[in-house]
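Participant: The lines below spell out each chain.
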Amino acid sequence: MPKITYIEHSGKEHVIDAPVGQTVMEAAVKHAVPGIDADCGGACACATCHVYVDEAWLAKTGEASSMEQSMLDFANEIQDNSRLSCQIKVSEALDGLVVRLPKSQH
Amino acid sequence: MNRVIIVGAGQAGGEVAQRLRQGGFAGDITLVGEEAAPPYQRPPLSKKYLAGEMDMERLLLRPASVYADEHVAFLSPTRAVWIDRANKRVRLEGGRELPYDGLVLATGARPRPLPVVGADLEGVHLFRTAADVDAIRPRFEPGAKLVVIGAGYIGLEVAAVARQRGLDVTVIETAERPLARVTSPEVAGFFLDEHTRQGVRFVLGGQPAVIKGRTHVTGVGLTDGAEIDADLVIAGIGVTPETTLAQHCGLKVENGVLTDDHCRTEDVAIFAIGDCAARPMTHYGGRVQRLESVHNAIEGAKIAAAAIQGREHTVEAPWFWSDQYDLKLQIAGLFQNYDRIAIRGDMAARAFAVFYYQGPRLIAVDAVNRPAEYLGAKVLIQKGETIAPEIIVDAARSMKELVAAAG
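Heads up: the sequence lines are chains F and R, in that order.
This note's numbering puts the first residue of the first sequence at 1, with every later residue one more than the last.
This note's numbering puts the first residue of the second sequence at 1, with every later residue one more than the last.
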């Protein structure tokens, strides 16, 4: 199973086994990683699963859709590597992915 | 408070347990659920779960093992049957009694039953739980004749999934338009046109009189004598808040258990959240309202957990969404009492936002495939800011630009 590392804003790391086919958000929420709220459950409706994708992984995670980008425009402290983790599907190619969490989702 | 009991293990109840532990609450937490499954997401029931694209494990908010890991005693399937406020005890069915220092009522709501003869026939279903959908699925097959009673969000989402699966779909609605309770005639008209184009037939102003059939449903008879063939009937005609426990122990109940800004009832040890409760709406002059939404379940959980732990919490303005076909409807705020609308974008292009105003003030938005308009309005409503209707429709300026200028 691909391993994903979530790094909280405080620096605390969580390494999670993420099932292929689920999203990066779901794997975090199901393991209670603090800092990813995902209030809407992955419907791309709330922008509370914002993460920063580690630079080395940007090519593999792909680009945000226009809907996702519009949502991100209103998220807090957005950067060039910002994504909504509910829109990144876990695959074998993402084994080792590192994402960092913003200070707050609200 | 050292011992917290949460009655109701839907999204609201599950979130309270999680928020308390995340907030460092070290006391006992007991979560009492009527359904066997641990807390799960209800919104996908009328979307991906009905479509067969999501299984129960994925529906769970958190894996079943988390409750034991976090020392949350999850008792299910069982019901709380009595609250003894004087001695601070909850009695479960079977007689077991549990003491509490803090009690959270998250009992949810029950779907209104169809008030007609034949509602108990096979093939006639209400729509609230995963079990309801599991019972529907075997007959939810291409070519089957589905009659949906009620054109609210659940009815229309079910109709959309059914059309995509190739069912023959008729929607019966007593009002003269769909979504009458939840949106404006403009947005309702848009969704009526979309569904009609997708092949859904509507009977508006139609009143079911009888469900016909011997053991299994064969049709729905209307009060005007018309009859519609049916292999499957799904009713989504609203819910009633589950307030029995609260009423029996003397708490104030109107449309929902009444609470203050902190989701606290008149009994300082008892909170009420989610579909079963009504609280003052912070962003709407404190008018007391009961909301049925995921956001309200989560928000109530955050408010109650903060109050139990003596933490501050900033209340977030309401939001909601609905997925139908390739349309994503995103709603921020509460549209009731609007006196003016402004439309940004193009309904014909299936990407637009309807902004609702009360006097000069922006109070809500319904955005279809326009996430920036949704989030922009959400930010404005949260801050109590507004953008004049004649300015907000200016397509030459991005929503982000408009919102930044409003501050």
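Some clues are possibly wrong.
Claimed, not checked - Lysine-lysine pairs mimicking DSS-like chemistry, simulated, CA-CA at most 25 Å apart:
1) K89/F x K252/R
2) K47/R x K89/F
3) K212/R x K30/F
4) K89/F x K12/F
5) K383/R x K103/F
6) K383/R x K89/F
7) K103/F x K400/R
8) K30/F x K400/R
9) K145/R x K47/R
10) K30/F x K89/F
11) K88/R x K252/R
As the list claims (entries may be wrong) - Quick list of simulated restraints, FRET-style, between CB atoms:
12) G199/R x E13/F: 25 to 31 Å
13) E8/F x D346/R: 41 to 47 Å
14) D80/F x G310/R: 38 to 44 Å
15) N87/R x S66/F: 35 to 41 Å
16) G23/R x Q22/F: 50 to 56 Å
17) E8/F x R311/R: 18 to 24 Å
18) Q22/F x A226/R: 44 to 50 Å
19) A64/R x E13/F: 48 to 54 Å
20) K60/F x D134/R: 46 to 52 Å
21) H262/R x N81/F: 34 to 40 Å
22) Q22/F x I343/R: 35 to 41 Å
23) N81/F x Q207/R: 45 to 51 Å
24) E390/R x K60/F: 55 to 61 Å
25) Q207/R x K60/F: 35 to 41 Å
Keep in mind the hints are simulated off the structure, nothing from the lab.
Even for Gly, the Cβ is constructed at its ideal location relative to N, Cα and C.
Participant: Need the list of violated hint numbers for this structure, in ascending order.
Facilitator: 1, 3, 6, 8, 12, 15, 16, 19, 20, 23, 24 and 25
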